[in-house]
Amino acid sequence: MNKHTETKKTSGKGEGEITSVVNRRLFLRSAGLATSLGTIVIAAGCNDDDDPMIPGSGDTVDLGSGDVGVLNYAYALEQLEAAFYTQVIATPYTGITDAEKTILTDIRDHEIIHRDFFKAALGDKAIKGLTPNFAAIDFTKKDAVLGAAKLFEDTGVAAYNGAGKLLKDPNYLLLAGKIVSVEARHAAVIRDLINPKSADFAGDDIIDANGMDKAVAPADILSAVKGYVKDTITGANVGK
Amino acid sequence: MDIFKIIDKFQQIDGDAVGRLEYATRRHFMNRVGSKLASAAIPTAFAAIVNKAYAQSAKAVDVLNYALTLEYLEDEFYKAGNAAANLIPASDKAIFTQIGKHETQHVAFLVKALGTKAIAKPTFDFQYGGAFGDVFTNYKTFVTVSSALEDTGVRAYKGQAGELITDPQILEYALQVHSVEARHAAVARRLAGTLLGNPAMKGWITGKEGAVAAIYAGEENMMQGGKDLKGLASKSDAAITEAFDEPLSKEAVLAIAGPFIKK
Numbered sequence: 001m002n003k004h005t006e007t008k009k010t011s012g013k014g015e016g017e018i019t020s021v022v023n024r025r026l027f028l029r030s031a032g033l034a035t036s037l038g039t040i041v042i043a044a045g046c047n048d049d050d051d052p053m054i055p056g057s058g059d060t061v062d063l064g065s066g067d068v069g070v071l072n073y074a075y076a077l078e079q080l081e082a083a084f085y086t087q088v089i090a091t092p093y094t095g096i097t098d099a100e101k102t103i104l105t106d107i108r109d110h111e112i113i114h115r116d117f118f119k120a121a122l123g124d125k126a127i128k129g130l131t132p133n134f135a136a137i138d139f140t141k142k143d144a145v146l147g148a149a150k151l152f153e154d155t156g157v158a159a160y161n162g163a164g165k166l167l168k169d170p171n172y173l174l175l176a177g178k179i180v181s182v183e184a185r186h187a188a189v190i191r192d193l194i195n196p197k198s199a200d201f202a203g204d205d206i207i208d209a210n211g212m213d214k215a216v217a218p219a220d221i222l223s224a225v226k227g228y229v230k231d232t233i234t235g236a237n238v239g240k
Numbered sequence: 001m002d003i004f005k006i007i008d009k010f011q012q013i014d015g016d017a018v019g020r021l022e023y024a025t026r027r028h029f030m031n032r033v034g035s036k037l038a039s040a041a042i043p044t045a046f047a048a049i050v051n052k053a054y055a056q057s058a059k060a061v062d063v064l065n066y067a068l069t070l071e072y073l074e075d076e077f078y079k080a081g082n083a084a085a086n087l088i089p090a091s092d093k094a095i096f097t098q099i100g101k102h103e104t105q106h107v108a109f110l111v112k113a114l115g116t117k118a119i120a121k122p123t124f125d126f127q128y129g130g131a132f133g134d135v136f137t138n139y140k141t142f143v144t145v146s147s148a149l150e151d152t153g154v155r156a157y158k159g160q161a162g163e164l165i166t167d168p169q170i171l172e173y174a175l176q177v178h179s180v181e182a183r184h185a186a187v188a189r190r191l192a193g194t195l196l197g198n199p200a201m202k203g204w205i206t207g208k209e210g211a212v213a214a215i216y217a218g219e220e221n222m223m224q225g226g227k228d229l230k231g232l233a234s235k236s237d238a239a240i241t242e243a244f245d246e247p248l249s250k251e252a253v254l255a256i257a258g259p260f261i262k263k
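Chains as they are written, first to last, in my numbering: chain C, 1 to 240; chain X, 1 to 263.
Everything labelled a hint here was simulated from the structure, so no lab data went into it.
Mixed in with the good hints there might be a few duds.
[Claimed, not checked] Derived lysine-lysine pairs resembling DSS-like cross-links, with alpha carbons at most 25 Å apart: (1) C:K142 x C:K226; (2) X:K202 x C:K142; (3) C:K240 x C:K101; (4) C:K125 x X:K230; (5) X:K121 x C:K178; (6) X:K263 x X:K59; (7) C:K168 x X:K250; (8) X:K235 x C:K101; (9) C:K240 x C:K125; (10) C:K240 x C:K226; (11) C:K197 x X:K93; (12) C:K128 x X:K112; (13) C:K226 x C:K214; (14) X:K101 x X:K202; (15) C:K168 x X:K93; (16) X:K121 x X:K250; (17) X:K117 x X:K262; (18) C:K197 x C:K142; (19) X:K230 x C:K178; (20) X:K101 x C:K214; (21) X:K101 x C:K197; (22) C:K128 x X:K230; (23) X:K208 x C:K178; (24) X:K117 x X:K208; (25) X:K140 x C:K197; (26) C:K197 x X:K235; (27) C:K178 x X:K250; (28) X:K112 x C:K214; (29) X:K263 x X:K117; (30) C:K168 x C:K142; (31) X:K112 x C:K101; (32) C:K168 x C:K125; (33) X:K227 x C:K119; (34) C:K119 x X:K230; (35) X:K117 x X:K101.
In isolation and in its complexed conformation, chain X is listed as follows:
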């Protein structure tokens, strides 16, 4: 069935048609493969729908490849960490296995969605030029880097939302990944806070509190919607900054991620 040719025809008439048709198609598809038997096949087919219907917009391709770069980085990081002997204590294995699984799924989704436009996987240096030299032998360092990567991921996706406002379905997928990164970040931060003996490092970001200072610049922002929220509801500055996560531009994120990427 060549539904995508049909969708293309509709798109020529009505730019919004793709969004509606794709959504309907996906729902129909998900209903039909609702059994757990088929669940392994869902990411591939699901992403293929996105690819065919959407990966034509140059802006969306840029954003998705940018996301793919970060997801490759995270995926490789957790693959190495989860494989390292005597790194992650048994008590915390379930957490990092789950996080690693999601990053692998994000990579798979983006690769399928981008199809031939997907960038190749870069080569990474998780020691960050020596700054995290013991990242796969010292659990504290591993959790520090994990919390930093997850919080950066949250900021990175948030920074691209506006770029996707004209691609509603891709925007929605990006938001669905964004909140998963935030779930990861909350748990990684709490582990880091405990391991580093820093109770100020909570699941949410107070001021610009984090294990790697450079990536939290701007998190202390108190201006929302053009208003200074100081004193709102008689709450503390700490609570107000915790209540809002802040975005990072692509340039800022790539500057942070740069030393992780060899080529």
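Isolated chain C, as found in the complex:
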């Protein structure tokens, strides 16, 4: 059964930020993604004006159970990615090249398509539209934007890889497979923009000694992205 619980929850802004940073750091260390964070420039509070919601507030959103939970989990992540790249293109960083803008616009469109596809596929079982929190990302700086893009893409790949085995319907598994390889293409291209012609597109910081990408469980992914969304996402029953 798909369980929907949406409880209004308010929390102090400062407290929320501290917890999210701690959670993210904990996750990144455990998942070996710590080096991915190295290039992210944290600039507090640069973007609050664009947020339609009251800062620091958000709903509690439960993803539901079974395959619907997995699809809502993907929908949640695609919402964040789509919102991120929409912002990137709306307020391009200083010195963005035409080539970079073309790539980032392509990626934005893919993420919007993924988001809207999941929303349509889920129908009335879809979670609400989430309220992102990108206050920690300085959208005026190339390093900050590409660093965050790398984190989102690597996290997306790890999330889909970890969610595959939770799906029971082979059609959904195939759909997840069709999307995850596109996310991996994004990750490689973003990494190549950051450090062109290097081994970083599939670097030793993210690929293990078996030549494998990461596969990370929903709970760990949700902790990792917690700082980037105002709503509290719970996914205890995803895939169950």
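Mind docking chain X on chain C? Use the hints.
Here is chain X on its own, set in the frame of chain C:
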């Protein structure tokens, strides 16, 4: 310690036990050998766990041997390319060294996982019966074939996901390799697009755009989850086809790979 006998006993009682125990074992193992000193030993021991716990399912053995065939092909291709004098320019060496390293690791993993059930390495003809005659002397041809092999690899792994749905841990490993092939493909495609002067060839696949037309059949698909996505989010057909990669059946992949394989 004969943990695998214990796992076997559990499996007789609970079919799911293997997955959980193997996962726990692997985590425990990885925690204990977390130092870089031991990292060289990880693939062997890691794969051995998979072998003991999983390579009993006939379906999984088939899929893994199919994957091994393709990984052998890729591994040998990059070994030859990376060894060829005056082929890969210095500026691009790091890319193909990294790709080649991963293919070698994939082969090693699969060989260990399959144990005695692993197929022997075939003999390859990378000139593809003459179609790519200068593959190891002309960098354009080499990158063309590289992009084609990587995109085929992505399609091949994707096509097997459903076959592994009852083998969750092997499915997960396959997905973890699948996304690495996609990373390779994105970079190889961009290099090919530049070398061939074809800006339509991006890191992602627009329509069925690729350097070797035959392997992209079906990539232009607009139907997802039983729905035609045309016009979704007011995006172009190009963007919609880019947003989804398409699978290939084993038969289609082997038909493509066939001319590479002498025996």
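Quick rundown of the hints versus the structure:
Distance check on the hinted pair: K142 (chain C) and K226 (chain C) sit about 23 Å apart at the alpha-carbon level, within 25 Å; holds. Among the hinted pairs, K202 (chain X) with K142 (chain C) is consistent with the structure: their alpha-carbon atoms are about 21 Å apart, no more than 25 Å. At most 25 Å may separate the alpha-carbon atoms for a hinted pair to count; K240 (chain C) and K101 (chain C) exceed this at roughly 40 Å. Using a Cα cut-off of 25 Å, the hinted pair K125 (chain C) and K230 (chain X) holds, with the two alpha carbons roughly 23 Å apart.
Under the criterion of a C-alpha separation no larger than 25 Å, the hint pairing K121 (chain X) with K178 (chain C) is inconsistent with the structure, at around 29 Å. For the proposed pair K263 (chain X) and K59 (chain X), the alpha carbon gap of about 23 Å is at most 25 Å, so the pair holds. Of the supplied pair hints, the one linking K168 (chain C) and K250 (chain X) holds, its CA atoms being roughly 22 Å apart against a limit of 25 Å. Restraint check for K235 (chain X) and K101 (chain C): satisfied, since their Cα atoms lie roughly 17 Å apart, inside the 25 Å limit.
Restraint check: the Cα-Cα separation between K240 (chain C) and K125 (chain C) comes to about 16 Å, which is no more than 25 Å; the hinted pair holds. Our distance criterion of 25 Å between C-alpha atoms is met by K240 (chain C) and K226 (chain C), whose separation comes to about 22 Å. Between K197 (chain C) and K93 (chain X) the CA atoms are separated by roughly 8 Å; this keeps the pair inside 25 Å, and the hint holds. For the hint linking K128 (chain C) to K112 (chain X), the alpha-carbon distance of about 46 Å lies beyond 25 Å, and the restraint is violated.
Among the hinted pairs, K226 (chain C) with K214 (chain C) is consistent with the structure: their alpha-carbon atoms are about 19 Å apart, no more than 25 Å. For a cut-off of 25 Å, the pair hint linking K101 (chain X) to K202 (chain X) stands: about 24 Å separates their Cα positions. For the suggested pair K168 (chain C) and K93 (chain X), the alpha carbons sit about 42 Å apart, so the restraint of at most 25 Å is broken. Of the supplied pair hints, the one linking K121 (chain X) and K250 (chain X) holds, its CA atoms being roughly 18 Å apart against a limit of 25 Å.
Only pairs whose Cα atoms come within 25 Å are accepted, and K117 (chain X) paired with K262 (chain X) is accepted, the gap being roughly 21 Å. The suggested pairing of K197 (chain C) with K142 (chain C) holds, with an alpha-carbon distance near 18 Å, which does not exceed 25 Å. Restraint check for K230 (chain X) and K178 (chain C): the C-alpha separation of about 17 Å stays at or below 25 Å, so the hint holds. As the CA atoms of K101 (chain X) and K214 (chain C) are separated by approximately 17 Å, the hinted pair is consistent with the 25 Å bound.
Taken as a hint, the K101 (chain X) and K197 (chain C) pair is honoured in the structure, with Cα atoms around 16 Å apart against an allowance of 25 Å. Annotation: proposed proximity of K128 (chain C) to K230 (chain X) holds, straight-line Cα distance about 24 Å (limit 25 Å). Only pairs whose Cα atoms come within 25 Å are accepted, and K208 (chain X) paired with K178 (chain C) is accepted, the gap being roughly 15 Å. A distance of roughly 36 Å separates the Cα atoms of K117 (chain X) and K208 (chain X); the hinted pair therefore is violated under the 25 Å criterion.
Between the alpha carbons of K140 (chain X) and K197 (chain C) the distance comes to roughly 16 Å, so the proposed pair stays at or under 25 Å and holds. For a cut-off of 25 Å, the pair hint linking K197 (chain C) to K235 (chain X) is broken: about 31 Å separates their Cα positions. Proposed proximity of K178 (chain C) and K250 (chain X) is supported: the alpha carbons are some 16 Å apart, at most 25 Å. For a cut-off of 25 Å, the pair hint linking K112 (chain X) to K214 (chain C) stands: about 20 Å separates their Cα positions.
For the given pair, K263 (chain X) sits about 18 Å from K117 (chain X) by alpha-carbon distance, which is consistent with the 25 Å threshold. Between K168 (chain C) and K142 (chain C) the CA atoms are separated by roughly 41 Å; this puts the pair beyond 25 Å, and the hint is violated. Proximity of K112 (chain X) to K101 (chain C) is assessed by CA-CA distance (about 44 Å); at most 25 Å being required, the pair is judged violated. Annotation: proposed proximity of K168 (chain C) to K125 (chain C) holds, straight-line Cα distance about 17 Å (limit 25 Å).
Distance check on the hinted pair: K227 (chain X) and K119 (chain C) sit about 13 Å apart at the alpha-carbon level, within 25 Å; holds. Distance check on the hinted pair: K119 (chain C) and K230 (chain X) sit about 15 Å apart at the alpha-carbon level, within 25 Å; holds. Restraint check for K117 (chain X) and K101 (chain X): the C-alpha separation of about 24 Å stays at or below 25 Å, so the hint holds.
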